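Trainee: Here's the letter readout for the chains.
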Amino acid sequence: MMENAWIIPLFPLLSFLFLIVFGKRLRAVSAYIGIFLTFASFIISLLVLIARFGSPTYKAEGIWLTIGDYQLTAGYEVNQLNALMLVIVSLVSFLVHMYSKGYMHGDGRISVFYAYLGLFTFAMLGLVLSPNLLQTYIFWELVGLGSFLLIGFYFYKEEAKAAAKKAFIMTRIGDVGLFIGMILLFWQVGSFEYDEIFAAVSAGMISEQMITLIALLIFIGAVGKSGQFPLHTWLPDAMEGPTPVSALIHAATMVAAGVYLVASMFPLFAASETAMMTIAIIGAFTAIFAASIGIVQKDIKRVLAYSTVSQLGFMMLALGSAGYVAGVFHLMTHAFFKALLFLAAGSVIHAVHTQDIEKMGGLWKKLRVTGPLFLIGTLAISGVPLLSGFFSKDEILVSTWVHGHTFLFWLAVVAAFFTAFYMFRLFFMVFTGEARGKTANVKESPGVMVIPMLILAVLAIGAGYVNTPWFGTFLGDWLTEGNQALGHGHVEGPAWIMVVATAVSLLGILLAWLMYGKKTIARDWFSAGVPTVYGILANKYYIDEFYKMTIVKGTTAFSRILHFIEVIVVEGIMKMVAGIISGLSKLGSRFQSGQVQTYGTVAFLGLAILVIFFAVTGGYLK
Amino acid sequence: MMFPYYLSLLVFSPLIGILVLVFIPKVKEPFIKLIGFLATLPALILTVIAYIAHRNGAELSELAEKVGWMQFVNPEMAGKIYSIDYELGVDGFSLLMLMLTALLSTLAAIASIHIKKEWKGYFMLFLLLEIGMLGVFAAENLILFFIFFEITLIPTFFLIGKWGYFEKEKAAFKFLVYNGLGSAILLIVIMVLYARTGTSNIEAIMSIMASDSDHLVVSAGTKMGLLIALVVAFGVKLPIFPLHSWMVEVHVQAPPSIVMLHAGILLKIGAYGLIKFGMGIFPDQFQSLAVWLAVLGVINLLYGAFLAFIQTDFKKVLAYSSISHMGVVLIGLGALNAAGIQGAIFQVVSHGLIAALLFLLVSIVHERYGTSDMAKISGLAKSMPIAAGILLTAALASLGIPGMSGFISEFMAFLGLFKEMPVLAAIGCLGIIMTAAYLLRAVLSITFGEAKRENTEVNDVAPLEAIPAAILVGLIVLIGVYPNILSGSLTSTIETILLGMGG
Amino acid sequence: MIFSGEFLIFMLLALIAVMGGVLMINLTKVVHMVVALVFTFVSIAGIFVLLSAEFIAAVQILIYSGAVTIIMLFGIMLTRHNDESEPKTGRLRKILLFLGVLGFGVVFYIGVYNVDFPQAANTLHENNTEQIGIALYSKYIIPFELTSVILLVALIGAIVLAKRDDQEEADKE
Amino acid sequence: MSTVPISAYLTLALVLFCIGLFGALTKRNTVIVLISIELMLNAVNINLVAFSKLGMAPSIDGQVFALFAIAVAAAEAAVGLAILIALYRNRKSVNIDEFNTLKN
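Protein chains in written order, with this note's numbering: chain A, 89 to 710; chain B, 389 to 891; chain C, 862 to 1034; chain D, 1037 to 1140.
Isolated chain A, as found in the complex:
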């Protein structure tokens, strides 16, 4: 089966090509084509995963580009991480395809939407299958392209346009880091192949500083894609895209690509202590930073977006603390519960046609299915015991503690507390209490939207059990099998960590309940109590404004300066030269007065000068 893995990304590609060409005529039928083809992908992915359990890594490559003495190859590889990601991606993608059938119902450009989804899925699957860094980079960019197209799907909205542009450019900044890192690595190793890179790293062929530099550059790529601080601002804005897109791209798959990249390059990162430390710090900081913003947001999707940023920070923290398994594990569980949350949020938005949580409330009774599903997602992300998020988050905390990052550990704990708090704040505001908006016409979403959510809910509950301290660490053992560099499959940590994690999440839920559920604590005690802090948080630490003031304005100003140079200096020199020439010719044309005497004078003067010259110099022939 594994030798046929190359076929997996081709289905969505086919879907993309087919729909972009014939979509106009197919209209609503396009949805079925997209769903069917992604389903095929998913089935094969599943088969590949099953096949991978029993056999070693499979890899096939062909020559793609010859550069001098180097042969760059393209191909595909199925190892543990790839196989797992294949299934996650194709499953979520399939579910989102299905969900979109209901969500996008009636949209005139549905075929385009499915085409874009197909493109994205193709790129993401290609990314996952890549056996070398160059191919990863190629699909990495294509994934960004898919994301860009889908964010800008509502192209007539100015916000969507701005968000798409921002997403593309900000991730591109990160991509350039990856680009540079990749090329530097190539000249160190002489190959883009992961195997050879890791071999070179373990053989000590590359100097310590170089590894650190390369690792950090590659990490910049991951920062851009995964919305880590300081390149995180595009991710919340990306919520301008249709909600299923947010679920697929900006929660489950693409944003996790950064984490995936770091995970798949893990041996390289592990070789540099500085790089690992940086990743851990950035991860932890992003986790708490985004969580603190999430507390005060009023847009349902933005809250989820900040929570995504924050969770991605957790994953980075895990990877930076050598918790390879923890990172990948959380990546998997997060994919499920965050996709679930987004789809449920989409269902809510679909029902009430607003994203402002201030205008929701009391939807529990109206949305009989969506409500509980949302609750499941919320519980999972908050780390309530026995749901998937609990296990993976616990794993991360353990890794961090064991690795000795005490301070980061406590940061992560606080972030976990925030997470529980703002997620339940969201839940209570949306589903409980008084209805604050028009909820008369609210109807539950159609089955085609509910079924994907149900599947994801099951996974959000159960996915954690593949790797638990109690029932065995199957996932961890399998992932690290046959590869020393990835660390141990399971990290033993002190038992109190689990207690602390449970305690903070329950504490967060309690606080949220007190404020928004039972309302024993005034809702505005925070915003009224410390308005400055509240203002900072509500304005996302003014990061966007800061960028606008510095980078955007700076670039424009610099461009203006260059424009000035262009006009004054470059054009000026040209004008000057032209002026001198035309001045000279004007002078010359004055002699062309039509008067014979003038001509005679000039001719004679020329003669006289020549004569005098030759008389003085003695002539040419002398």
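Hints are computed from structural coordinates only; laboratory data are not their basis. Please read all numbers here as calculations on a predicted model, not as lab measurements. Do not take every clue at face value.
When the alpha-carbon atoms are kept at most 30 Å apart in a straight line, the in silico DSBU-like pairs for lysine-lysine are as follows [what the hints assert, rightly or not]:
#1 B:558 - B:764
#2 B:550 - B:416
#3 A:641 - B:764
#4 B:504 - B:550
#5 B:550 - B:508
#6 A:386 - A:607
#7 A:674 - B:558
#8 A:663 - B:550
#9 A:147 - B:807
#10 B:421 - B:558
#11 A:636 - A:245
#12 A:147 - A:386
#13 B:421 - B:505
#14 A:674 - C:955
#15 A:636 - B:764
#16 D:1128 - C:890
#17 D:1128 - C:955
#18 B:550 - B:764
#19 B:764 - A:245
#20 A:112 - B:764
#21 D:1128 - C:1024
#22 B:556 - A:674
#23 A:112 - B:770
#24 A:112 - A:245
#25 B:558 - A:663
#26 B:770 - A:663
#27 B:556 - B:504
#28 B:421 - B:556
#29 A:245 - B:770
#30 B:508 - B:416
#31 B:505 - B:454
#32 B:550 - A:674
We have chain A already, so just place chains B, C and D on it with the hints.
Mentor: What follows is chains B, C and D alone, placed relative to chain A:
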């Protein structure tokens, strides 16, 4: 397959069209356009046949031809006969350029349907321009090269000056003055080389120069001077940073179908000349100049990008983007290793296709909206979804999205430069971000957003317009997905160049 | 240098000739200029006599001092009677030309001032007119005839040019 | 034989030639320009005649040439004047500044 005078026929095949056009009354518009289009086909077919034959293992040297042309005796050296021969020949690189030229000429001929007046004169000049361009890439002789080089100038001048937009005359004169200056410098270089070596055959000069390690034929200083002059001469064409201002104006004022050829081929003659003559004839001097070329390349890249960022006219954005992209060519050349040179050549081909595509779209949009001012067009995705889609594709190709040709060339050029000058390359990478920024800013402001009321009543792309666009997109994607399709025929060219470098 | 009578006369004639030229340059009235030049022409005739070219001298007086001068005076009369003085020309050009002419003159003077050919005996002064006549009608017969053609052409040309166009006249009236 | 050296004649001719040249190029009145040209021709004649007597190989040829020159000069004067009159008739001026039809 390969009959004698194959290349001559190829180069001069548009002449048939000119001759036919002479006898057609100038009012028969559709007929003239049809003839103009058909006349570009023989060259295209011949180049494609040659390329396929080459891919199947045919030797390109079979195509070379040589006929005595003129001879004269050097009065001071009795017995030494100076001769200039009519010599045509191709290598992998120039065959590629020939194919690109033939293809873009055909497509530009199709895009010329929007020409509004004097079709007869237009197509006659157009075909003459094609002869010049084909000749430039097929000439194996410096003097012949120069003649063809000049042939390209004159039709372009008239095409811009007569069929362009508002300030067409000014642009045409600027074009002529700059390029005339460039070709004057080129002529000096050619004449010095000819006088010193006694031959004008490019390969003969190369071998003389290669064996002239003691600088007996030409002193080291002169060589350096000649190379710098060559860089300036081709730098005008390319264009290199301070010599670029003519090109912006030409891009804005010339008719889009001509800009397709201009941006697609004529600019590339500069790169072709630098690679073929600069590297081929003065390999050692080129090496010492490489750093500066790379620096210039980075300046070009960033300068063009930053200026494109604040333009308000879409055509100007594209013009500065061309400057920026030509920086990549220089970067590749400056890197002076297999990756870099291959990247530069790829960029030449790739930018040729992408620029042609972009200007094709400009012509389509301009035809319908009567402007290319970005403030006046918006919501193209609503009114002309197909055009908007292709425009977006072209922009993405231009900004180097993998899977399209722009990425491959950019990647290889930077790959090359990072090996030699990592810090400079890292600065250059800023250009990648800027490219994304300015292209998206421009393209999104046209395609996205609310469609203006007066803009809604326009037709989408007509089939006749869509065909060239589809061909271009197809080629761009083909090169992007499977770049080896080009690199195969380039290997020998690059090896020869690098051998000359002694590396 | 021998201070001979011949030299004295030469100096006198040369002085008159140059004086005439300089006056021609500096006088303001056109008629005066022409008259000044008559002096030059006459003194050049004297120079010719000194050079044993009596016939040329006679021709010089007849044609230059007589015919050409008279033609010129006629020309002046026929064109503009009241405005005989001439307008000023550009000062810069005058200065430049003066310098140019001066330089030109100096250079040629340097070339000329010590030209000295060995004196050879000659018989030019004997039957000068006869010698010229023999030369003209034997050796130079073709140029001589051509000269007559030129004169004829000039004659006809001058008449054609100066003749009023009848058509034009008719239009005027 | 002759006590006046040839250089004296040549110098005299040179001076006259220069005066004629200066006059021809600076004077505004066309008549004077014409007459200056006559002066230059005359200076040439002096040279011819001087060489005919005091040159390396004295002969009558120089005088014959001077005659030819005089004939041509006379013809020139006549034609020149005729042109002048024709021009005057058109332009009502003999000022050479106004004769600038060469410009167009």
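Trainee: All hints, please: hold or fail.
Mentor: Cross-check of the supplied hints:
Distance check on the hinted pair: residue 558 (chain B) and residue 764 (chain B) sit about 25 Å apart at the alpha-carbon level, within 30 Å; holds. Annotation: proposed proximity of residue 550 (chain B) to residue 416 (chain B) holds, straight-line Cα distance about 19 Å (limit 30 Å). Pair hint residue 641 (chain A) plus residue 764 (chain B) holds up; C-alpha atoms about 24 Å apart against a cutoff of 30 Å. A distance of roughly 11 Å separates the Cα atoms of residue 504 (chain B) and residue 550 (chain B); the hinted pair therefore holds under the 30 Å criterion.
For a cut-off of 30 Å, the pair hint linking residue 550 (chain B) to residue 508 (chain B) stands: about 13 Å separates their Cα positions. Between residue 386 (chain A) and residue 607 (chain A) the alpha-carbon distance is near 18 Å, which keeps this suggested pair within the 30 Å criterion. Simply put, residue 674 (chain A) and residue 558 (chain B) have alpha-carbon atoms about 19 Å apart, close enough for the 30 Å limit, and the pair holds. Distance restraint check for residue 663 (chain A) and residue 550 (chain B): the Cα-Cα separation of roughly 24 Å lies within the 30 Å cut-off, and the hinted pair is therefore satisfied.
Between residue 147 (chain A) and residue 807 (chain B) the alpha-carbon distance is near 29 Å, which keeps this suggested pair within the 30 Å criterion. For the hint pairing residue 421 (chain B) with residue 558 (chain B), the CA-to-CA distance comes to about 27 Å; that is within 30 Å, so the pair holds. For the proposed pair residue 636 (chain A) and residue 245 (chain A), the alpha carbon gap of about 20 Å is at most 30 Å, so the pair holds. Distance check on the hinted pair: residue 147 (chain A) and residue 386 (chain A) sit about 47 Å apart at the alpha-carbon level, beyond 30 Å; violated.
For the suggested pair residue 421 (chain B) and residue 505 (chain B), the alpha carbons sit about 11 Å apart, so the restraint of at most 30 Å is met. Taking the CA atoms of residue 674 (chain A) and residue 955 (chain C), the gap is near 21 Å; set against the 30 Å cutoff, the hint holds. Only pairs whose Cα atoms come within 30 Å are accepted, and residue 636 (chain A) paired with residue 764 (chain B) is accepted, the gap being roughly 25 Å. The suggested pairing of residue 1128 (chain D) with residue 890 (chain C) holds, with an alpha-carbon distance near 19 Å, which does not exceed 30 Å.
Proximity of residue 1128 (chain D) to residue 955 (chain C) is assessed by CA-CA distance (about 26 Å); at most 30 Å being required, the pair is judged to hold. With a CA separation close to 26 Å, the supplied pair residue 550 (chain B) and residue 764 (chain B) stays within the 30 Å bound. As the CA atoms of residue 764 (chain B) and residue 245 (chain A) are separated by approximately 17 Å, the hinted pair is consistent with the 30 Å bound. Only pairs whose Cα atoms come within 30 Å are accepted, and residue 112 (chain A) paired with residue 764 (chain B) is accepted, the gap being roughly 28 Å.
Restraint check for residue 1128 (chain D) and residue 1024 (chain C): the C-alpha separation of about 16 Å stays at or below 30 Å, so the hint holds. Annotation: proposed proximity of residue 556 (chain B) to residue 674 (chain A) holds, straight-line Cα distance about 24 Å (limit 30 Å). Restraint check: the Cα-Cα separation between residue 112 (chain A) and residue 770 (chain B) comes to about 14 Å, which is no more than 30 Å; the hinted pair holds. A hinted pair counts as satisfied when its Cα atoms are at most 30 Å apart, and residue 112 (chain A) with residue 245 (chain A) qualifies at roughly 22 Å.
Annotation: proposed proximity of residue 558 (chain B) to residue 663 (chain A) holds, straight-line Cα distance about 13 Å (limit 30 Å). Restraint check for residue 770 (chain B) and residue 663 (chain A): the C-alpha separation of about 43 Å exceeds 30 Å, so the hint is violated. For the suggested pair residue 556 (chain B) and residue 504 (chain B), the alpha carbons sit about 15 Å apart, so the restraint of at most 30 Å is met. Taking the CA atoms of residue 421 (chain B) and residue 556 (chain B), the gap is near 22 Å; set against the 30 Å cutoff, the hint holds.
Distance restraint check for residue 245 (chain A) and residue 770 (chain B): the Cα-Cα separation of roughly 12 Å lies within the 30 Å cut-off, and the hinted pair is therefore satisfied. Among the hinted pairs, residue 508 (chain B) with residue 416 (chain B) is consistent with the structure: their alpha-carbon atoms are about 9 Å apart, no more than 30 Å. For a cut-off of 30 Å, the pair hint linking residue 505 (chain B) to residue 454 (chain B) is broken: about 40 Å separates their Cα positions. Simply put, residue 550 (chain B) and residue 674 (chain A) have alpha-carbon atoms about 27 Å apart, close enough for the 30 Å limit, and the pair holds.
Against the hints set out earlier in the document, violations occur for numbers 12, 26, 31.
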